[in-house]
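First to last, the sequence lines map onto chains S and W. So for the first sequence, this note's numbering puts the first residue at 1; every next one is plus one. So for the second sequence, this note's numbering puts the first residue at 1; every next one is plus one.
It is possible that some hints are incorrect.
Stated by the list, open to error - If you want a taste of the chain S side facing chain W, the calculated C-beta under 8 Å gives, among others:
(1) Lys-18
(2) Gly-21
(3) Thr-51
(4) Glu-53
(5) Ser-159
As the list claims (entries may be wrong) - A few chain S positions that, by computed beta-carbon distances, are all more than 12 Å from chain W:
(6) Ile-23
(7) Asp-27
(8) Leu-121
(9) Ile-173
Please keep in mind that the hints were generated in silico from the structure rather than gathered at the bench. Beta carbons are placed, not taken as given, at the ideal position from N, Cα and C, and that holds for glycine.
Next come the chains, spelled out residue by residue.
Number of protein chains: 2
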Amino acid sequence: MKKSIAEKMRRRASGMLKRAGIILTRDEAAAIEVADFGLNDIEHVGLEIVTYENNSRYCAKELVMFPRQICPEHRHPPLSAGNSGKQETFRVRWGKVFLYTEGEPTPRPKARVPERHRKTLTVWREIVLRPGQQYTLPPNTLHWFQAGDEGAIISEFSSSSDDASDVFTEPAIQRIPVYA
Amino acid sequence: MKKSIAEKMRRRASGMLKRAGIILTRDEAAAIEVADFGLNDIEHVGLEIVTYENNSRYCAKELVMFPRQICPEHRHPPLSAGNSGKQETFRVRWGKVFLYTEGEPTPRPKARVPERHRKTLTVWREIVLRPGQQYTLPPNTLHWFQAGDEGAIISEFSSSSDDASDVFTEPAIQRIPVYA
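So that you can see chain S by itself, here it is in the shape it has in the complex (with noise of 0.2 Å):
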C-alpha cells in the first residue's frame, strides 16, 4: 500500500472515531495502523486499527471499517501447551457489524462480497452485531466479518495478541502493518 493512501485512510479513521465520540491523543491518531492485508484492495478488504494495549495478559484495540469494507476470514490457532490461541470479544460501538462464524450457514446473509473474494469466505453463519451489541469468539475459530452500509466501530477485547500468528483462509494474505 502506497504511503499516501494508508495516510488517507488514517485521516478517514480518525474522521469516523472523532464523530463517534472516542477520543484518541493526537500520537494514536497519527500511529492508526491500516491493514490492506496486503490484497492491494482497502476499500473492500482491510481494517483500520487502534491498539490501546497489548500485553502478554490482554489486549483492547479499536477496530475503525470503512462502509462494507471486509475483515478476511482466519482463526487464532493455540500457541503453546498453555495457550489454546487468541479469545476475543467484539463490541459493536457505532454503525452495524455482519460477523460470520463457524456453524449452519444463515441462508441469506446480509454481507455483500466481491465476486473475487468470494472463494476464501467459507464460514457463513451470521451474527449481526449493532451498537451496544456484542460477540465473544473461541479461539481457533474461523470467522470473518463485514461492515454495513454506514462502517462501523468495534471495541475488542480480548487475549493477548499476536496478529503473526493468524491464519488465514486466502493463501495470499500477508499480515504485515502497515505505518506510515
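Following the hints, complete the assembly by docking chain W onto the known chain S.
Showing chain W alone in chain S's frame:
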C-alpha cells in the same frame, strides 16, 4: 445501600454514559453495578460499573464516577502460582481522573478527600488522566482514584477480574456488588 438509592445512581450513571456517546443495551443499563464498598457514603466513595466481559483470560468494564467520587485504595494480590494478580489499564473516555499509586508522593495533589476517608489513603503519587490518556497498573500495586469536578468515565481493560480477592486498605470495606 437502599434499593432506591442504587436505582437512582444507576439512572445517573446511565445518563452520563449516554451523554458520552457510549451505548448500552437496555439489559446492561438495568444491571449497572452500584458499589458503595459497604461505607454507605456513595456520593464520596463509590463506583458505577458496567462489565462487558469477564472470563478466565481478560476483562473489560466501563467505570462511571460521579463528580469527585473516590474509588478507595486497594491492590489486586497474587492469586496462584501462575497468576500474579489482576493487571489493569485505565483509559479515560470522558472527564478527568486523579489516579494515585505507589511511589514518590506528589507535593500538591489535586484530589479532594473528606477528612474521615483520609487515613485509608496511603499512596500519593499522582497521575492525572484526561480523555484519551491511559495508565497500566502492575499487579499487587496499591492504588485509588478520584474523578474531577465533572465526574469521569473510564474504560478498564484487564486480566481476569475477581473483586472478592481485592485487598482494601480500609478494613471496614466490603466489596459486595449491589444490584436492584
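Structure-based check of all given hints:
Evaluation of the S/Lys-18 hint against chain W yields a violated restraint, the C-beta minimum of about 11 Å exceeding 8 Å. A least Cβ separation of about 3 Å between S/Gly-21 and chain W falls short of the 8 Å threshold, and the interface hint therefore holds. At its closest, the beta carbon of S/Thr-51 sits 11 Å from a beta carbon of chain W; the interface hint therefore is violated under the 8 Å criterion. Hint status for S/Glu-53: holds, given a least beta-carbon distance of 5 Å to chain W, under 8 Å.
At about 4 Å, the closest approach between the beta carbon of S/Ser-159 and any beta carbon in chain W falls short of 8 Å, and the interface hint on this residue holds. Not every Cβ of chain W is farther than 12 Å from the Cβ of S/Ile-23; the closest lies at roughly 4 Å, contradicting the non-interface assignment. Not every C-beta of chain W lies more than 12 Å from that of S/Asp-27, the closest at about 10 Å, which undercuts listing it as non-interface. Every CB of chain W is more than 12 Å from the CB of S/Leu-121 (nearest about 26 Å), matching its label as outside the interface.
With a cut of 12 Å on Cβ distances, S/Ile-173 stays outside the contact zone with chain W, its closest approach being about 26 Å.
The structure fails to meet hints 1, 3, 6 and 7 from the earlier list, while all remaining hints are met.
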